[in-house]
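Please arrange chain W on chain E, whose structure you already have, making use of the hints.
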Amino acid sequence: MIGLTERLQARIAVEWKNGPVEIAAGMEPEVSCRVFPDQLPEFCAFVSRTLKGSLATVVGTQEGDRFTVLYVFSIPDEHAFIGVRTSLDSADRSFRSVTPVLHAAHWAERELHDLFGVVPLGHPGLARLVLHPDWPVGVHPFRREFDRFTPVPRLDARQPDLGPRRDGEFELPFGPIRAGVVESAHFRFLTVGEEIRRLEMQLFYKHRGIERLFEGQPIVLCPVIAERISGISSFAHSLAFCQAVERAASIEVPVRARLLRTIYAELERLYNHMGNLANLSEATSLRVAQAQCSLVQERIKQLNARLVGHRFLRGINTVGGLRRDLSADALEDLLQSIDHLGRECVVLIDLLLSTKSHLDRLVGTGVLPEKAARDYGAVGPVARGSGLKRDLRYDHPYAAYAGLTFTVPVYHYGDALARMRVRMDEISESLQLIREAAACLEPGPIRTELPTLSAGQEAIGYAESPRGAIVTYVTIGEDGTLRRCKIRSPSFSNWYLFQTTVENTMMMDWPINERSFELTHAGCDL
Amino acid sequence: MALWTLKGIMTGIVSGRYPDEPEAMPDGYRGRPTLHQERCAGDTCRRCVEVCLPKALTWTTGSEATELRLDYSRCVFCGLCEEACPEQAVTLTRNVELAARRKADLTVGLRILGNGHASSDASAADLEAEIESTLRDEITRVFGRSLHIRHVDAGSCNGCESELQALNNPYYNLHRLGIFFTPSPRFADLLLVTGPVTRPMEEPLRNAYEAMAEPKLVVAVGACACSGGIFPPTAFTLGGVDRIVPVDVYIPGCPPPPVALMHGLLVAVGRLEPKIRAGAVNT
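Protein sequence lines correspond, in order, to chains E and W.
Just so we're aligned: the first sequence equals residues 0 to 525 in numbering that gives the first Met the number 0.
Just so we're aligned: the second sequence equals residues 0 to 282 in numbering that gives the first Met the number 0.
Bound-form chain E, shown alone (with noise of 0.2 Å):
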């Protein structure tokens, strides 16, 4: 690894001209650039272009009254990270908007001005997109200086109108609390009946400061948080958050720990995805493969319950490994139960693929093109349907995945068919995955013990997730506990830009279009 990270910083030497740059190993083994404010578009349209790198997550952090803002870029090619950092001026807390120059830093950025007050200069849209409008102006919640724990009082105000209408158009409104068991957000379609000329979305009505309940905890207890950022993607949160502490600490998972940490991964994508081959066909009204769809979810998390005692994979993680070991009679209970919904698997999804009313609503649906997927940068099945070779057990792998054999799935029609396949080829990867990590499987210690962890460290941990890549930063705090930690979620990745396949398409599209996408709001909202 050590060789990788000196051939990125001998290519930063070389081919970046444009100005001062201080490299170091900040956050081994990736590299990390500290830059001025004022070459910070620059800088990070470098990392972007020359060195093919994929913006990962945007971290904002405050010592003292200095704010610091960290791009992290993802570099495929050198199975590496790059940290880009530069710290603001204390008095007007500004620095360049990237996102001129790198559209998927759109998002982040509003959220850091929400959530910081630091000012991205020259960004094209810096609306409000975390804080409602009643949210009074000019008060920060992640500022240290902000008391958590005083309600905040409500402005009079309400979301602004959509503007402008053509002849026939209105608005209709959907949400927060919508039909069905679905979670909340609030869509405005502007519409002529059938045809959705625009969305507006007003999402974060879940905005639980979640980020803000790490801090000053101690490390033992942020794994049961980390679980409860996404109900379904528990195990994903928390592996990605006790991988990036045990990268602080420097400290190696067995092996064992990390084969069993693999299959519940893959557990919890099994159940995901076929939850959502379910959704889909309710969406179809293929009521039949919605029940049998959802039944296979109903035995995965049966499994789960049995092998780890919760239905969600809750509670196994922990940093420097895993909480309770797998008895035989359970991985001989694993294997059977893999063979037996393995094979129901197979049928239901050799069925799908030949029910053609299924298929035909979900040709041309929703379509994402391969270049908005990279520009906006899409993560998961969403970015491997539009043409995009993205995943991070393969890009940058972790747990045991370096040492099992694998393919990422990738197809071009950036439609809903397209995630659907994506999806349902990983269905058969994950089973496949599941019976070599366990064939691997050698008795040993499942957990290693956290040595003291000293002040200011801090690390990036992550975990390709049902729905795509999960990064969470960490920063230790005095006395073992946290600082601060970042959780960069892929439904917050795919929400920006969902609502760019959505205006012009139809009505009728958009249930089949939204489970397709299968975000979650949890995981958005955080």
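The hints are simulated quantities; they were obtained by calculation from the structure and are not laboratory data.
Glycine is no exception: its CB is placed at the ideal position from the N, C-alpha and C atoms.
Do not take every clue at face value.
Stated by the list, open to error - Restricting the straight-line Cα-Cα distance to at most 20 Å, the calculated cross-link-like pairs of lysine to aspartate or glutamate (EDC-like) are:
(1) K54/W / E210/E
(2) K388/E / E77/E
(3) K6/W / E281/E
(4) K54/W / E82/W
(5) K51/E / D88/E
(6) K6/W / E343/E
(7) K54/W / E14/E
(8) K6/W / D349/E
Claimed, not checked - Here are a few chain E residues that sit away from chain W, every Cβ distance over 10 Å (derived from the structure):
(9) E5
(10) G121
(11) D146
(12) R147
(13) G167
(14) L198
Same frame as chain E, now just chain W:
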């Protein structure tokens, strides 16, 4: 399409028979923690309290007694207390049917110093139980045969939603009990709320409650909705549903598995009795 019909018929009946037959969670499942008075080392230890993120376990030092209290409405069933206790004075059981009509029923105490046993407000509970039994017959008469639910997500992690959706899968098949989800609060008999109530969801939640016709029931699902869970009252979250609208039944769990949800819904309409009273479980 014919192939799907065939596939459906070939699958046969897969539904469980809860509540006619009990449905046990598997061995090792993290359900209701129990306290063991005789094993607890007392207030010199406090390791279980230190690892309890939602503060479900607390020490109260009064003039007469020092007490270890466990509040099931706050518990997220993470099991860290069980691992931290050197004396096995806290152990997790597989029991998940914890729905209760009063929050007081969800608290259990160990009196570590001083006289007496596990405390709860017994006299008040008896009086309330009497009123309750007369009301319960009326609730069952009105809602017992068919129930329509409007669900409101007030800031959950979507774990509760996933389990609520699971109620409609062929295994739990909630329809067989005459219970349905409905899109409009106007048609709903019961408002089912998940999440700690985030600031932006306060007004929509109140509106949904007020839009419902009388008589109506409110059920809080999951630790967040019951008490805020790991989310204390802050500028972001309000700390539980009963701070906004009155709650009739609390269903603890993080998230409550479908069996616990079915039990709680049947308790809400008086078709089942709560198994937990004053922190103790009748088995």
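Index of numbered hints that the structure contradicts, given in increasing order: Of the numbered hints given earlier, those the structure breaks are 5, 7, 11, 12, listed in rising order.
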